[in-house]
Each structure stands twice: as C-alpha cells, then as structure tokens.
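Can you build the whole structure from these sequences, using the hints too?
Chains as they are written, first to last, in the numbering used here: chain A, 1 to 312; chain B, 313 to 775.
Incorrect hints may have been included.
What the hints assert, rightly or not - Straight-line distance between alpha carbons at most 20 Å, and here's what the computed SDA-like set of lysine to any residue pairs gives:
no. : chain 1 : residue 1 : chain 2 : residue 2
1   : A       : LYS89     : B       : SER755
2   : A       : LYS70     : B       : ILE580
3   : A       : LYS70     : B       : SER422
Read the hints as simulated data drawn from the structure, not as lab findings.
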Amino acid sequence: MSIITTEQPGQPVVPHTRENFFVRLVRRESSLAWLFLAPALIILVVFMAYPFGYGIYISTTDAMVGFAGKNFVWLENYQRLLDDPIFRKTVRNTFIYGFGTVPFKLVLGLALALVLNQTFRFSRVFRAFLLLPWIVPTAISSLAFLMLYNGVLSPVSWVLVDWGIISDNINFLGDPVNAIVSLCVANIWRGVPFFGISILAGLQAVPDELNEAAALDGASVWQRFWAVTWPVIRNITLIATLFSIIWTFADFQLIYVLTKGGPANSTHVFGTYSYQTLGQTFIGDAAAISLYMFPILAVLAVMLLRYVRHDD
Amino acid sequence: MTKDRSAQLIAEANAMKYSRRTVMKRASALGLSAPALAGVLGATGHVSAAPNRAPAFLQGGSLNMLMSTAFVPAAQDLFQEQATAWGEENSVDVTVDFINWPDLQPRTTSAVQAGAGPDIVELWDTIPYLFSESLVDLTDLAATTEEVQGGYYDWVTNTASVDGQWKSIPHGNSASVVAYRASYFEEAGIQDAANNFPETWEELFAVGKILKEEVGKPLGQALGQSLGDPPGFAYPYMWAFGSMEVEEDGETLAFDTDSFREGLEMFIQGWTDAFDETGLGWDDSTNNSAYLSDQISATQNGTSIYIAATDEDGENYQPEIAEDTFHAPLPAGPSGRFATLGSRSIGVMSYSENQEEALAFLEWWFSAEPFQTWLETYQGYILPPGPTFTDLGVFTEDPKLAPYIEVPSIARNKGWAGPANLKAAQVSSQYVIVNTFANAVQSGDAGAAIDEAAAHLQRIYGR
Chain A
1 MSIITTEQPG
11 QPVVPHTREN
21 FFVRLVRRES
31 SLAWLFLAPA
41 LIILVVFMAY
51 PFGYGIYIST
61 TDAMVGFAGK
71 NFVWLENYQR
81 LLDDPIFRKT
91 VRNTFIYGFG
101 TVPFKLVLGL
111 ALALVLNQTF
121 RFSRVFRAFL
131 LLPWIVPTAI
141 SSLAFLMLYN
151 GVLSPVSWVL
161 VDWGIISDNI
171 NFLGDPVNAI
181 VSLCVANIWR
191 GVPFFGISIL
201 AGLQAVPDEL
211 NEAAALDGAS
221 VWQRFWAVTW
231 PVIRNITLIA
241 TLFSIIWTFA
251 DFQLIYVLTK
261 GGPANSTHVF
271 GTYSYQTLGQ
281 TFIGDAAAIS
291 LYMFPILAVL
301 AVMLLRYVRH
311 DD
Chain B
313 MTKDRSAQLI
323 AEANAMKYSR
333 RTVMKRASAL
343 GLSAPALAGV
353 LGATGHVSAA
363 PNRAPAFLQG
373 GSLNMLMSTA
383 FVPAAQDLFQ
393 EQATAWGEEN
403 SVDVTVDFIN
413 WPDLQPRTTS
423 AVQAGAGPDI
433 VELWDTIPYL
443 FSESLVDLTD
453 LAATTEEVQG
463 GYYDWVTNTA
473 SVDGQWKSIP
483 HGNSASVVAY
493 RASYFEEAGI
503 QDAANNFPET
513 WEELFAVGKI
523 LKEEVGKPLG
533 QALGQSLGDP
543 PGFAYPYMWA
553 FGSMEVEEDG
563 ETLAFDTDSF
573 REGLEMFIQG
583 WTDAFDETGL
593 GWDDSTNNSA
603 YLSDQISATQ
613 NGTSIYIAAT
623 DEDGENYQPE
633 IAEDTFHAPL
643 PAGPSGRFAT
653 LGSRSIGVMS
663 YSENQEEALA
673 FLEWWFSAEP
683 FQTWLETYQG
693 YILPPGPTFT
703 DLGVFTEDPK
713 LAPYIEVPSI
723 ARNKGWAGPA
733 NLKAAQVSSQ
743 YVIVNTFANA
753 VQSGDAGAAI
763 DEAAAHLQRI
773 YGR
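Spelled out as structure tokens, the structure:
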C-alpha cells in the first residue's frame, strides 16, 4: 500500500491511502456480504430462478417440444387441467402419497431411533444398517420392489400361496388401491431411516442425568419419554416431518419405476404426470402440472422456515 | 425404374442360380447403383458389396445412439457388435444406449427440448410425426434403403413416413398373434387345439373361463402403459367391435358405438372369468415371464416367447413348452379380424453435430448384408419392411411361425380409419385406447370408460 502525502495551501498535511477497489470493497461490511453471497446468488439465479421463471412463462403457452412457434394462452393450460380426470386423480394421489406415508415413517422412525439409542452388542453396526434404505439409490431399491410386486412372479405371493394363506397371486400393481398402497409401503421403507437417524441424533442430546433423576423420582418409562425426551427431540422431529412431506410430494423415481403412473393413470403424482405429458411433447401442459405443486410446497416451505427461525 | 431392373435381376439370378460374380457383372450391365446391387446380392443369398469404410472426413468423429432393448437378446448384442465394428473400422467413437420401450419417447423429447443428446434415435411407428421438425430429412437415403428392401409395404409407408417424407428409415416391427399351449386348450375341451384355436373373442372368453377355473391356467394379457402388447391387443379388439378413433376423414370421431359398448362389456366379464387379473399391471415383458413360467395358457405376443423357449443357449430354454406352443391370429369380432402393425424406424436428430457420421452409419447398416444378419439374428421376430428378405429361412422354415407372416394382411395403422398422423401419435403416446380397457376392467363400467376416452379423443382431435 503506498502512502502519499499531498500539501494543500492553508490545510494541514493529511496522509491518505489510494486503496484499490477490491480492498475498499472488502472493508465495507455491506459490500463484503454481497461478495460472499454472489456465488450462491449466481447459482440460484442460473439454476433455480431462471428455470422457474421460464417454467411459469412456458406454462402460459401452447408450446410443444420440437415444434417451432407458440402462442400465449394465459391460464388456459391450468384451466384445462381442472377438467382433466387424470389430473384430479393425480392431485388426490399426491396428497395420499405425501401425507399418508408420513405418520408411518414418523412412528416407525421414532421407534427405531429409541431402540438404537440403547447400547447393546453391535448397536453401532445396526445404526449403520439403519441408513441402508436411505443411501441405496432409489432407482435400484425401486427395482427390488418391482420384483417383489411382480404380478406373476412375486416371491411374496408365491410364499403366501405355498403356505396356503392365499389362493391367487396378489395383484400388487394391477389394482388401483393395491398399487397406491404398494407405492406407499415402498416409500415408507425408504423414508423410515431419515426419521430414524434424525431422531436418533436428537436423542443423543438428551442428558442421561435428566432421565436418571426422573427415574429416581418414580417417573414411568412413558412419563420419562413425554417429559424428558420428547421436548428435546420435538424440534428435530417436526423439521424431519416437514422435509419428508416436501420430498414425498415431489417424488418421482419410485413411482416411475414401479407403475409409471399406471394402471390406467391411476397412480400418477405431479412429477410422473408432468413427465408423461412432457413425453407427449406438450411442454406447456407439463409445466402447468408441475407448477400446481408450487403453492403447496411453498406453504410447507414457509411453515418450515418460520418454525426454524422461531426456534432460533 | 431401378426397382424394376433390380427385381428383374433378382428373378433372373434366382432362376439361373447365378454366382455372386455373375450377379455383379449383370448389375453393372444393367447400370444398377451400389446400394441397389447390395439389395440384389442380399435377395439372392450373396454377401453384399456394400462399402464398410466411411469417407475419411468422418474419422475421429463420434456417434451416440438411443435404441430400444430387444426381446431377442442376441439381436441386441449383434447390433452393439455391428455398431462397434463399424466405429472401429471408420475411427468413429460409437456408443449405443439400449433403454426400455416406454422410456424411448420421453428421453427423445427431453433431448429435443435440450437440443442435445443422442445423434441417432429409434422411433416407434407413428412417433416420427411427434418429432418431425427435429429429425433430419432422410428421404434420399430412404429411396436407397427402399431399393434394398425391394420396396416398402403399405403398412410401413402408412406409419413411418411423415406426410410423404421420410424423417427416419424404417426397419420393420414385430407382429402380434396369440401364443397358446395346445395341451391346456385340449384339457379345456378344444379338439385338435394345435389347428383349432377359437375363431371369435366370444369363443376365446368361453374357453378361457374353463382354462382359468378348471385347468388353472388363465389367459394372460398386459394392459399396462406400454408400447407393445397392450396396444397390440386393444386396437384390434376395438376395431373388431366396430369402433375407431376417427373416420377416414381423420376428423370425425367414430369411437363411441353401441357395438363397442357391448364388446367392452363382454371384455369386462371375460377379464374376470378368463384372464389373470394381475395383467392390469403387466408391461411388455411380464406376459413372457408368465407364459414361460407356466402360469398362463395363452397370451398375445410377438415370437419372443417361442424363440426364448427354443433357444438352447438361453436362460429360458423350455423344450416342453416350445413343443406345446402354437400360434394363431387374434380372434375376430362382429366387424372382422384385425391386428395393428406399424414400422419402427431410426432417425437422425437435427441438433446433432455428427449428422455425417450418423448418415454414413445408417447407409451402411441398412445395406443388405448387415441388415440381413440383424434380421436373421432376430429369428423371425421382426417382420422386414419390404419383400426382399421375406424368403429367409427364419420366416419360412418353422411352420409354427407362419401366422406371424400373415399379420400384415389384416393389420391397420394406429389412427385407422384415419391416417397415422400427429393426432394418432398423440392418442397412442397417451395410451388412450389401452386405458379404455384398463379403466373398464377397473371400474366395471364400460360406458364410463368409453365416455372418458371419447372426451380425451375429442381434446386431441379437436385441438
């Protein structure tokens, strides 16, 4: 840094610095904050905001993939979807799939976490195994379920037939109700570890002394859980629940591999129906289907953020 | 004109048993082009003279292909080998991705939207219409390959060409008939079942009831959202009961008819009585598994079940099942007997920066020798798009496969009685016809299923 002194008539000699632009930028707190934010902002704008904005724009056109020219149709695509029976099934399925699976994942995850929080032989190994369904790529675990749910060669059906419990193969994916239930079961299997490991992390923070003191005071197991453990793990459980609902709402892989939205479009969720519509080149309609999901996810995301901030 | 001279030489060579050298001399005298000569050589049982080496400017390039998986695995392996060998010969880095049939179209759509992806794609029958503005015009190349094939059949031209232009080169398709176990049908009371398959759908459902209830081997039919077997059944059944998407003008809906309502009600009952009801969740491969694992007595399919059962080196080798398996055309309804058939094809994407390589590869692969080798490896599963190769042993030696050769005579294009155009392609890609049947058996209400499909058709044809 070079220091220059200049002499002005009638003025004291004041040394001042000729700092380069970057140094001045770094020294100002407000500009430094923007500097740190810039990489993330650029990524957000390029990979999130622009595609999102483009998606909104395209959903208001009659664009078709591969065909030049498109017309602005305002909200016609959204309006048409309201009269589309497949879309109505899609909305219903997404809510069943998104909300119906969470209580099971929560209860099973909590139970699993409580068991694994105990110290027993190979407990660390079991904790590692707990994560397996979560870390195995969904496409691969879905293929395993596809074999289990095979209408003709399902080992589940064959074992039950062999034991004389049922007489015909179970129609896992061919019956609309069975298909939704089968999808939910696979989703629960995959989602339980997330709850389990999140709650387990919360349980590790529960001081042993509190539990011991409560036990000495004569509290039952249930009372200790409710008065000592639950207040500590409540926050992490609620956050895990909200995340799980958001992810399940936006799920695609598992359903696409298992049913592709069939039979007869009866198991579509927003993601798969949008993808199927895009495959038919109707990108405007496909964008509209996806964007119907946005208000629901936005509400959930706001709830999540408010809760996290409130917690802070 | 060239076609006439090629046909003349083929007839001459076959009658006089010309050697390969003589065929080439006569072709030169008749002024036949190299591709035409390749076609003649292929048709007369000689090795093609098609050049394997591409021009020098291709060398160092690359080529990525998106193809469908093959139900005859050896044919898929062979295509991979052919592509690799051509790439090595021409110093072109060739990769081939084989994906499940229903995934082809979404993947192609994504590539078109992104303007990047495979250079070459395989397309199902009417699908070239959906991507007509994103495919390179191959009309010139098609003229050459048509000569190799001895002209294209109507069922090929009607489905794979786009308003008279060729946006992709057709390579034929598998035909569908019913594969059935004669011994089970005899147990169900059909005499001489090998030569006596039920003539009408009504008769088939009646026998199927006995097969399901007494023999314990129901009929099998895939009704999932897939490109092969579900439409292979649904379209012909719809036509057999006097219904169609649109009339000949391609605009007037002709779907909701009394006879189809009756036919669909009969199907709902037949489904419960005679079919394996898990078929609603089946795709193109599940019925093959069900048949080869002795779970069902009959299913509508290409030759792949029979080929798998007779393949001594394959993991599904089942000589007893193969011996007991016979084939028959789909049964008839009040309006006649039908099948659906359209040619699959291979196109070059217009966004591709490797179009020269792609065209060179297709020109080579569709020449007589490599195409014939591929066709023979398919063992009769793929019907060729023209007459040149129909005399190959794979189509004539096993009388059990004869019904497949007869399919084109009763086949119609998707969209019939209208043309196989963009609308028909959209109906097909949204599985509207297939889902009419699936909806009907799910709800038990034929009228509601037809009403929902008719509204869907109106949205597409009226758009």
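Notebook entry, point to check: Under the criterion that the straight-line Cα-Cα distance not exceed 20 Å, is the pair LYS70/A, SER422/B satisfied?
Noted result: With Cα atoms ~18 Å apart, LYS70/A and SER422/B stay inside 20 Å; holds.
Notebook entry, point to check: Does LYS89/A pair with SER755/B here, judged by a C-alpha cut-off of 20 Å?
Noted result: 14 Å, holds
Check: CA of LYS70/A to CA of ILE580/B, is that 20 Å or under?
Finding: Judged against 20 Å, a Cα distance of about 42 Å means the pair is violated.
When held up to the earlier numbered hints, the structure conflicts with hint 2 and nothing else.
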